[in-house]
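Whenever a hint applies, use it, and build me the whole structure from the sequences.
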Amino acid sequence: MLNRLREDIDCVFARDPAARNRFEVFTTYPGLHALWLHRLAHWLWGLKLRWLARAVAYLSRFLTGIEIHPGAQIGRRFFIDHGMGVVIGETAQIGDDCTLYHGVTLGGTTWEKGKRHPTLENDVVVGAGAKILGPITIGQGARVGSNSVVVKDVPSGATVVGIPGRIVVADAERRRETAARIGFAAYGLRGDLPDPVSRSLDTVLDHIEVIEERMAKITAALQELGVTPGTDDAAAAHARRDDTDA
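Position 11, counted from 1, in the sequence shown is what the working numbering calls 11; the numbers after and before it change by one each time, with no gaps.
Calculated directly from the structure, the hints in this document are not laboratory data.
Treat the hints loosely; a few may be bogus.
[As the list claims (entries may be wrong)] Simulated restraints on C-beta separations:
| no. | residue 1 | residue 2 | range |
| --- | --- | --- | --- |
| 1 | Gly226 | Ile163 | 46 to 54 Å |
| 2 | Trp43 | Glu209 | 47 to 55 Å |
| 3 | Gly46 | Gly129 | 25 to 33 Å |
[Said to hold, decoys possible] Below are the BS3-like pairs computed for lysine-lysine, each with C-alpha atoms no more than 27 Å apart in a straight line:
| no. | residue 1 | residue 2 |
| --- | --- | --- |
| 4 | Lys152 | Lys131 |
| 5 | Lys152 | Lys115 |
| 6 | Lys48 | Lys115 |
| 7 | Lys113 | Lys131 |
| 8 | Lys48 | Lys113 |
| 9 | Lys113 | Lys152 |
| 10 | Lys115 | Lys131 |
Even glycine gets a Cβ: it sits at the ideal position worked out from N, Cα and C.
And the structure:
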């Protein structure tokens, strides 16, 4: 028990540069208090003492501004930074080493019983104000940008931003490949969240990819006709088609 408490406090120092000493963290960090009270509530929930578990969760919400349903399953070294307005639903599952910032909601999208809240695998970070809704899975090491609304599964290692949530890191890697292929130094493409310059470059590179896909289809169609694009045969075929049209 003491080892778990020490582990919880140590993870605060690892993720919050404002933490100064253990006494301060132990006494003034609502995210820790909410987590500790949740463990008590979850234990009572497992003993079928449902009203008592909900009462502990209600007390925790009153004291910390963080609402965690007693049925939620939370792994080790979980950290809620600031925490005000965080809501975690009954069937939510959170892995080890996850971090949530204030205003995050792990909510449901249906009134039916059963699994209706998200699953966060290990090492997931969710930015302030983000909403993750429904029985979806956020893969290991994924990052969810502030104020994003995520309603679909997110693969491991991806970064999601926007409403609805859109994967940006995977797109950035794809666009880097396109930029390298055409010999363009895309300085605006970055591994973090896109800025206005990178968005403009994204649009250009997306357009290039669309053109390349269309050219590939045209080339394949010509090859099926026995014509190799870029040769005199192609010009002859074009002339024959003009004569036929005439």
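Results of checking the hints against the structure:
| no. | hint | result |
| --- | --- | --- |
| 1 | Gly226 <-> Ile163: 46 to 54 Å | holds (50 Å) |
| 2 | Trp43 <-> Glu209: 47 to 55 Å | holds (53 Å) |
| 3 | Gly46 <-> Gly129: 25 to 33 Å | holds (31 Å) |
| 4 | Lys152 <-> Lys131 | holds (12 Å) |
| 5 | Lys152 <-> Lys115 | holds (15 Å) |
| 6 | Lys48 <-> Lys115 | holds (19 Å) |
| 7 | Lys113 <-> Lys131 | holds (20 Å) |
| 8 | Lys48 <-> Lys113 | holds (17 Å) |
| 9 | Lys113 <-> Lys152 | holds (20 Å) |
| 10 | Lys115 <-> Lys131 | holds (17 Å) |
Going through the hint list in order, the structure satisfies each hint without exception.
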